[in-house]
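Using the sequences and the hints given, assemble the complete structure.
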Amino acid sequence: MSKYAILIYEDQARYATMSPEAWGALVDAHNTFTKQVFELGGSLAGGEALASTTTATTIKGGSTVTDGPFVETKEALGGFYVVEARDLDHAVEIAKLCPAPFGGVEVRPVVDPTTNPF
Amino acid sequence: MQADAVAAALAQAHRSEWAFVLSATVRVAGDLDVAEECAQEAYVSALQAWTRDGVPERPGAWLTTAARNHARDRLRREVTLRRKLPLLVEPATVDPHDPADLDWPDAAVPDDRLRLVFTCCHPTLAPEARVALTLRLVCGVPTPDVARAFLVSEPTMAARITRAKKKISEARIPYRVPGRAELPERLDSVLTAVHLLFSTGHTAGEGKALVREELCDRALHLARTLAALLPEQAETRGLLGLLLLTDARRATRTDEQGRLLLLADQDRTRWDQRAILEGLTVTAGALASGPPGRFTLQAAIAGVHAMAPSLEQTDWPRVVHLYDRLLAVWNTPVVALNRAAAVAFADGPAAALPLLDELTTDPRLADYPYLPATRANLLHRLGDAAGAAQSYRRAMELTANAAERAFLEQRLAEVSRAAGAEPAPG
Chain A
1 MSKYAILIYE DQARYATMSP EAWGALVDAH NTFTKQVFEL GGSLAGGEAL ASTTTATTIK
61 GGSTVTDGPF VETKEALGGF YVVEARDLDH AVEIAKLCPA PFGGVEVRPV VDPTTNPF
Chain B
1 MQADAVAAAL AQAHRSEWAF VLSATVRVAG DLDVAEECAQ EAYVSALQAW TRDGVPERPG
61 AWLTTAARNH ARDRLRREVT LRRKLPLLVE PATVDPHDPA DLDWPDAAVP DDRLRLVFTC
121 CHPTLAPEAR VALTLRLVCG VPTPDVARAF LVSEPTMAAR ITRAKKKISE ARIPYRVPGR
181 AELPERLDSV LTAVHLLFST GHTAGEGKAL VREELCDRAL HLARTLAALL PEQAETRGLL
241 GLLLLTDARR ATRTDEQGRL LLLADQDRTR WDQRAILEGL TVTAGALASG PPGRFTLQAA
301 IAGVHAMAPS LEQTDWPRVV HLYDRLLAVW NTPVVALNRA AAVAFADGPA AALPLLDELT
361 TDPRLADYPY LPATRANLLH RLGDAAGAAQ SYRRAMELTA NAAERAFLEQ RLAEVSRAAG
421 AEPAPG
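Chains as they are written, first to last, in this note's numbering: chain A, 1 to 118; chain B, 1 to 426.
Keep in mind the hints are simulated off the structure, nothing from the lab.
Heads up, the beta-carbon is just placed ideally off N, CA and C, and yes, glycines get one too.
Treat the hints with care, since some could be wrong.
[As the list claims (entries may be wrong)] Simulated DEER-style distance windows between Cβ atoms:
#, chain 1, residue 1, chain 2, residue 2, range
1, A, S43, B, R58, 39 to 47 Å
2, A, S63, B, E358, 55 to 63 Å
3, A, G24, B, E78, 51 to 59 Å
4, A, L44, B, E78, 31 to 39 Å
5, B, E57, A, T34, 43 to 51 Å
6, A, A45, B, G54, 37 to 45 Å
7, B, A366, A, V71, 26 to 34 Å
8, A, I59, B, L47, 33 to 41 Å
9, A, S43, B, P317, 58 to 66 Å
[Claimed, not checked] Selected chain A positions facing chain B (in silico; Cβ < 10 Å):
#, residue
10, L88
11, H90
12, A91
13, V105
14, R108
15, V111
16, P117
Put into structure tokens, the structure is as follows:
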């Protein structure tokens with residue numbers, strides 16, 4: 001099994017205007033997804049939802065501190081999961097079920113730091 | 001043994017057995033790059049061994065055993081290093097003491113070639129990387145030649161191939177044939193890559209005749225292999241039929257000056273009848289295997305043209321009918337354009353013009369030279385020389401291909417003369 005990060009990129013403006021019911025439904029969808037990961041033969045190794053990019057602080061070059069996200073985009077990183085999957089096919093199969101109604105997800109292999117893969 | 005006879009046998013073995021050798025070695029090496037090096041070493045060691053002992057009865061089996069032995073030696077030497085690198089497949093999936101693996105049973109090895117093809121054409125790789133990887137890994141074509149075929153610089157192509165191989169290894173794209181449920185979709189990605197390979201060869205510009213023919217031959221060989229390995233998937237035979245029937249016209253596609261010849265102007269007596277016969281047989285088989293897919297339907301259309309004694313005596317209503325069915329399974333504006341061109345023959349240019357007008361608003365065809373070229377042809381046939389000239393000029397702006405440009409120039413000159421001879425309208 002290998003680790004993959006599922007990065008959720010979405011239009012955050014849509015979250016600001018969503019109803020409490022829609023928010024509740026989305027939370028339920030994420031709870032369902034965390035169960036589906038195991039049903040598909042994978043496992044969950046972590047994951048968090050992130051607050052809006054308007055709360056972000058960026059530090060470049062180790063010293064310059066600015067308000068806002070590292071890169072300003074309409075669809076921004078809003079959360080992530082780390083899953084264990086057999087291979088990329090399996091990871092993609094899992095990631096297809098990850099809720100991201102206002103954007104999409106990106107699957108990235110997690111690196112074993114004992115070797116430099118770059 | 002004569003050096004040139006050995007060299008010829010080696011060249012032949014490279015052409016026909018490379019995919020066998022590499023794909024079987026990947027399972028032992030667990031890594032594409034290592035497997036490639038071991039396969040190359042096997043061909044190098046064959047030169048000496050075959051000169052000494054003669055060419056073996058089954059060169060592919062000899063080379064596969066040699067390449068796998070190189071891979072095993074390396075694994076033993078580098079066991080600690082290798083353990084740290086991500087492996088494409090666990091080397092343990094091959095038992096070195098299993099005689100079935102060593103003796104190269106015919107049933108097991110085709111699977112390996114399919115594994116290699118499905119990995120190279122994995123949908124998570126960029127389409128242009130899929131074609132390049134297929135040419136490099138499945139066909140064993142060196143990177144400089146792959147670069148030339150796609151008209152990009154060697155460093156660009158080397159980077160493209162390296163990036164794709166790295167993704168296969170780092171992201172762990174599995175080295176396996178997809179399961180039954182996902183096979184049709186994954187197969188489509190493979191067939192598309194092979195078709196693109198063929199089209200690249202078929203439409204390559206003037207002055208690249210050798211590269212062009214080589215690409216067409218490679219694509220045909222791949223299509224043949226896929227049809228032999230996955231006969232129950234009718235689309236593999238559909239693709240083979242399509243390539244055979246298209247390739248049968250290879251000699252007549254351009255004139256002595258390399259200028260493009262339309263179907264109407266091609267010398268049909270020079271079409272390769274053997275390829276046509278085989279193409280028709282293969283296509284008929286695919287058509288009889290259930291609801292036809294897009295490659296089978298395109299092959300059927302090519303088949304109607306191949307059987308027609310002339311452009312006028314083509315069964316155009318049948319062509320239109322096949323395009324209708326093709327649109328139902330593969331609705332793209334290019335198919336709709338080709339259908340309109342067939343309608344022009346079946347029902348006259350006036351019936352086809354409104355169909356083209358609908359397509360001119362499609363943004364996907366905005367830069368497609370065949371749309372204004374087709375339009376120009378229809379207008380010319382309807383007697384509108386000025387309109388035809390305007391459309392030919394537009395088509396010329398859009399094409400980068402020398403042979404196609406020369407063709408359009410010639411047509412433009414013809415309609416311009418006609419327009420000049422007529423009194424100006426109004």
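Each hint, compared with the structure:
Checking the proposed 39 to 47 Å range against A/S43 and B/R58 shows it holds: the Cβ atoms sit about 46 Å from each other. For the hinted restraint 55 to 63 Å between A/S63 and B/E358, the CB-CB distance of approximately 60 Å keeps it satisfied. For the pair A/G24 and B/E78, the supplied restraint of 51 to 59 Å holds, since their beta-carbon distance comes to about 55 Å. At about 35 Å, the CB distance of A/L44 to B/E78 agrees with the hint of 31 to 39 Å.
At about 58 Å, the CB distance of B/E57 to A/T34 disagrees with the hint of 43 to 51 Å. Between A/A45 and B/G54, the C-beta spacing of about 57 Å breaks the proposed range 37 to 45 Å. Taking 26 to 34 Å as the suggested C-beta distance range, the pair B/A366 and A/V71 conforms, at roughly 31 Å. With their beta carbons about 59 Å apart, A/I59 and B/L47 fall outside the hinted range of 33 to 41 Å.
Distance hint check: the CB atoms of A/S43 and B/P317 are about 59 Å apart, consistent with the given range 58 to 66 Å. The restraint placing A/L88 at the interface with chain B holds, with a minimum CB-CB distance near 5 Å, inside the 10 Å limit. A least Cβ separation of about 8 Å between A/H90 and chain B falls short of the 10 Å threshold, and the interface hint therefore holds. Interface hint at A/A91: satisfied, since its Cβ lies 8 Å from the closest Cβ of chain B, which is below the 10 Å cut-off.
Nearest Cβ of chain B to the Cβ of A/V105: about 13 Å, over the 10 Å cut. The hint is violated. A cut of 10 Å between beta carbons decides the hint on A/R108: the least distance to chain B is about 8 Å, and the hint holds. Evaluation of the A/V111 hint against chain B yields a held restraint, the C-beta minimum of about 8 Å falling below 10 Å. A hinted interface residue such as A/P117 counts as satisfied when its beta carbon comes closer than 10 Å to some beta carbon of chain B; here the least separation is about 5 Å, so the hint holds.
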